[in-house]
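Visitor: Generate the whole structure from the sequences, applying the supplied hints.
So the chains spell out like this:
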Amino acid sequence: MQYLGVDLVKPKAAFFDFSSCEGCQLQIANNESNLLDFISLMEVINFREILTGGKDDYEIAFIEGSITRDDEINRVKNIREKTKILVAFGTCACFGGINKLKNKFNDIEWVKKEVYGNYPVETNDKVLAIDEVVKVDFYIYGCPVNKPEVEAIVQSIALGREFRYLKHPVCFRCKEKQNICLYELGKICMGPLTRAGCGARCPSNGNSCIGCRGPAAEPNIEFMKKIMKKNGFTERQIRDKFELFSAFKWEK
Amino acid sequence: MHSEKDYLTRVEGHGTIDIKVKNGRIEKAEWQVVETPRFFEAMMVDKHFDEVSLIVSRICGICSIAHVTTSIRATERAFGVAVSEKTEIFRRILMNAETIQSHILHLYFLALPDFLKAGSIFPIIAKNRNAAEIALRLKKLANDMCDVVGGRNTHPMTMIVGGFTRFPSKENILILRKSLDNSVSDLIETSKIFMSFKIPVFERETEFVSLKGIKNYPWIGGELVSSDGVLKNENDYKSMTNEFMADWSTSKLAKLSRGSFAVGALARINNNFNLLHPKARKICDNFKLRPVCYNPFMNNIAQLAECFHVVYETIELLDKALDFDLSPEKVEVKPKKGKGVGAVEAPRGILYHCNEYNEKGRIVHSDFIIPTGQNHANIREDLNKLVKDYSKKGYPDKEIELLCQMLVRSYDPCISCSVH
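So the sequences go chain by chain: A and B. Residue numbering for the first sequence follows numbering that gives the first Met the number 0, beginning at 0 and increasing consecutively. Residue numbering for the second sequence follows numbering that gives the first Met the number 0, beginning at 0 and increasing consecutively.
The hints are all genuine.
Simulated DEER-style distance windows between Cβ atoms:
id, chain 1, residue 1, chain 2, residue 2, range
1, B, Lys237, A, Glu121, 23 to 29 Å
2, A, Ile38, B, Lys338, 43 to 49 Å
3, A, Arg238, B, Asn127, 51 to 57 Å
4, B, Asn215, A, Ser39, 39 to 45 Å
5, B, Asp5, A, Lys103, 31 to 37 Å
6, A, Lys103, B, Lys336, 20 to 26 Å
If you are wondering where the hints come from, they were derived from the structure by calculation, not from laboratory data. For every residue, glycine included, the Cβ atom is placed at its ideal position computed from N, Cα and C.
Guide: Printed below as a string of structure tokens:
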């Protein structure tokens, strides 16, 4: 591949999954029309889900999932030591994601018992995002990640260009699409607080934004809570939305 | 602790194969599931029914549509909600889209490299561009179906309790219909590619569990059946699965009439062969897949036959959908205290969700039983027999190792889903 007429050395990339649904890795295989070009950007040398015989001399590591067990802490530290660039790939990696719903319970023994009865299982008290364990260089938000955005970020990493994250909220894109505001329809929506980049996909399909991409650059969280309350939503309903992907802190 | 290199590749989630053969005798032939549990059943407690299907869709990135469909079915049955024919048709279309997406991903990206002695799809893309392009076209078709009907190709959000937030336009339906018509030639090419492969010879008699079709090949709800003659009501899913734990697996396991059973495409075809579309049956004939087929490697072929079935079935469903008014629709949902069970056929086999609610429509207790969890014990028994059979035949260790990996892959295990 060439950039400005110069042959590029393809960065060696690796993909790793931790506690997750592996849906973000699946997105790599999607967007079929330019998949073959996209793959040619990097030399994928380690990707357990689709590749046998992985190697360790990678320069970029994409990490999917959150950290829920000690062996995962060791694995991710080990990867951090080997790689130059570490990318938190998807909401679970960036924030802990849906897995952090488990953290709302203080009694981990109850959590274990609820699912496995008296059978012994290993899990840590609290689920952690990747940057709570090791340093993260890039974040790719979304549950799942949005493939065009993945492509843009991977391009900028491969070409050594700065990537500018969108600062504005989903709400802007939703307005652009001329959707009727969901608050007008009596629904609660995280669009005014959540970072854009998904093309306002959920509201455009008649569903509230569920905040999977985390906060926009300067969200006015306290004021939005007031608006939500003014629209008749209970504290409990608001907290449900804030807690869902663990990307928004609920302080009360 | 297992190192990165120990995990079996080209499967979803973390599992390892541990085999020891000494002087021609097997000391160990084990399938170990080491995936981290995420405790979804606990996370659900106190969650409102509006959010339940959104959360459980995150159990799995590959079969999220099946999880949403099952979850919604369980909730609707708990509340006594009946949905329209239009909603039912679009749910089926979405399920079919996921079946194609998952089967094609498995056939081309995960299984095919073994048959071509490659480590991944990448060298195949370089050498056999035609096969790669067929795979990508078929996958794109499935993803487009998910996008158009589900709002997104992973974790769909248009499908809700009581109906849909949005239906596709007639224009988009017609585009999908045309793409489905065109996909038949790609499927025929796919079957030619797989006809050129040598499917490993191996059999182990086992029990197969699936939904039981009456008039149609079953995908959503209905009775539960096993090839050993067990017939249960959907609500009675627990006695169909009898979950248990073992020290080699972080996933719960299942059994029925014997120590293990199998679910998935082969189980569905074994139990519902006569309900397959005639053209899908023809594919089975070409590969000599006849019920009851006890070769787990034939699960790949069963997936291929199902792709044909699903394409023809979806064309019929889209034709029906064109007769409807396609404005959004949702029947009234009033939460009430109670418990509901949903069973659907996910691409990898029968999936159960049970949601128990309080009067406010918040979860009191939930239970999910995932296809791969039901397969783990069977995979382990198969591995044991495979190693015995092929050691007796005098196969070298390297070849047995590859066969073992292929065997596990043939089940298309979704390990993180099974541990959830």
